[in-house]
Amino acid sequence: MTSENTPPAGTPETHRIEPISIEQEMKVSFINYAMSVIISRAIPDVRDGLKPVHRRSLYGMWDMGNTSDKPTKKSARVVGDVMGKYHPHGDASIYDTIVKMAQPFSYRHMLVQGQGNFGSIDGDSAAASRYTEVRLFPYAEALLEDLEKDTVRFQPNYDESLEEPTVLPAKIPNLLVNGTDGIAVGMATKMPPHNLIEVCNAVEVFLDNPEVTPADLMQVMKGPDFPTGGIMMGTEGVRNYFATGQGRVVVRGVATIEESGGGNRGDRIIVTELPYQVNKAQWISGIADMVKDKKLDGISDIRDESDKEGIRVVFELRKGTMAPVILNNLYKNTALESSFSVSNIVIVDNQPKLVNLPGLLSHFVQHRIEVIRRRSEFDLKKAQEKAHILQGLLIALAKIDAVIKTIRASDTADNARSALIAQFGLDEPQANAILQMQLRRLAALEQKKIEDERKALEAEITRLETLLSSEANIKDEIRRETRGVSAKFGDKRRTQIELDASDLSTEDLIEDKNVLVSITTANYIKRIDLDTYRKQRRGGHGITGMTTKEEDCVDSVFVAGMKDYLLCFTNTGRVYWLKVYQIPETSRVAKGKPIVNL
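For what it's worth, the working numbering labels the leading residue of the sequence shown as 2, then goes sequentially.
Don't read these hints as lab results, they were simulated from the structure.
Certain hints may be false.
[As the list claims (entries may be wrong)] SDA-like, lysine to any residue: derived pairs with alpha carbons at most 20 Å apart:
#, residue 1, residue 2
1, 594, 501
2, 387, 342
3, 400, 441
4, 71, 139
5, 223, 462
6, 296, 530
7, 594, 560
8, 383, 501
9, 101, 132
10, 382, 441
11, 450, 434
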């Protein structure tokens, strides 16, 4: 008799069924899934700052010759090529990635140059891929440069029919320059962009002193530099994420107040820059709703005058409204002031790690050392091979007539090769190079030209051997290339830094205007706007100023400023204070609230 799970006699071993715990299987499978998402989808590599879909998209464009010096190609063609060769996870994710890399408000330095509608800061979606065209931006080509020189490791693509790079050579510290964000399983990464010139300066500082502290790096790398500009409020958050890899940065939009200069028109608030990743259309719509719901008073009109030259949103204020108070309310209650939470989680040796700024610079420098070493070894080998061939050509030119006679006298290429090797002291590569040339070209070679080329190659060989002789020389090469990148792609900082930043207090949001305060004999208090009352002419009937209980009456009425102090004395000799704006604003006929409750 056999158990329920025991296969019948004679069952092949491959068909055996073994019971396992679903709990254990779920644990193992979920861990495998989580690591796949972390490594292969959502978290960037610390060396080139790219996720797999970004790297494959750029490599696919480079591989098909879609470079900055060539005409643009249809996005649909690029997407299809990338999906078919390297990234079989759907065309939508590839096109969305390419679109974002072509948006100047998303990337500090764009990787893709787009032609057509690639969306807007208002949240408008890009046109379909059949309408738009793309090509690589020169900045992206600096990430791909030297890829053909065996500088990085390649791996088989998904169907093992082609190979793709595991990382790009990345002459630019792209992770710090453009930042990144991604949500994986159980973790998320969010890194702000920085100014390219400042990042390159930080690389040089690190090369000079690998033990440099985050505080020292802050002297040359001031903090985030967002593509949309804005004002960074304070440096405490920067100090935190430079040192620990985590922090929080507060960014404000740039706004100016335009005074009315008299007349019936009020002041204006003009916003010209927004915090990073703020949807302008949603932001304006939210403010309009606040005005409609009386949550924000004093704005009479909102106009979006933005165009291709930049953002310009105009807030028309009612006459007499204090513009600084309205602006403070926009900062406090809307996305005009936003926070950017930093979490420098990156892939290091196929593992997710939280890395601070010195760590990020260290990984980039080590990557560049490896790239330059492999590139130099590749170039050295090619130069040595070419110099060796030129040496053979010089030998042949010295006895050109005999060489030509030997070749013509041979009935096969193998016989000619053997004869050249035996008679002129050449080796097989040199003999092959001579045989591959037409006799007419061989006879026309100029000895001086070949000699000059050989000397130039020998000088290059000496340079490469010197470069490879020590890591210090390689670091000097990194320093030279970094300065070249900074000069070519660097630009001015866009995000301003407000060093003496402080949080907005409640009083910053209060307009300092005069109001009418009423107190009754029963100690009920209220405040109302002075505009509620108006001067009456002769014969007026008057209006009710306050509703009270039958046994109560108004004891005191006075005018006070919203930020004035009100002192309240008790019958036991105690004194309390409150600000006038803390008194509830009510309607004209309301009875108010007991002072004791305030």
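How the hints compare with the structure:
Between residue 594 and residue 501 the CA atoms are separated by roughly 40 Å; this puts the pair beyond 20 Å, and the hint is violated. For the given pair, residue 387 sits about 54 Å from residue 342 by alpha-carbon distance, which is inconsistent with the 20 Å threshold. Taken as a hint, the residue 400 and residue 441 pair is honoured in the structure, with Cα atoms around 15 Å apart against an allowance of 20 Å. A C-alpha spacing of about 11 Å is found between residue 71 and residue 139, which places the hinted pair at or below 20 Å, so the restraint holds.
For a cut-off of 20 Å, the pair hint linking residue 223 to residue 462 is broken: about 41 Å separates their Cα positions. Restraint check for residue 296 and residue 530: the C-alpha separation of about 16 Å stays at or below 20 Å, so the hint holds. Restraint check for residue 594 and residue 560: satisfied, since their Cα atoms lie roughly 18 Å apart, inside the 20 Å limit. Of the supplied pair hints, the one linking residue 383 and residue 501 is violated, its CA atoms being roughly 57 Å apart against a limit of 20 Å.
Under the criterion of a C-alpha separation no larger than 20 Å, the hint pairing residue 101 with residue 132 is consistent with the structure, at around 16 Å. Pair hint residue 382 plus residue 441 does not hold up; C-alpha atoms about 29 Å apart against a cutoff of 20 Å. The hinted pair formed by residue 450 and residue 434 meets the criterion: a straight-line CA distance of about 17 Å does not exceed 20 Å.
This entry does not satisfy hints 1, 2, 5, 8, 10, going by the numbered hints stated previously.
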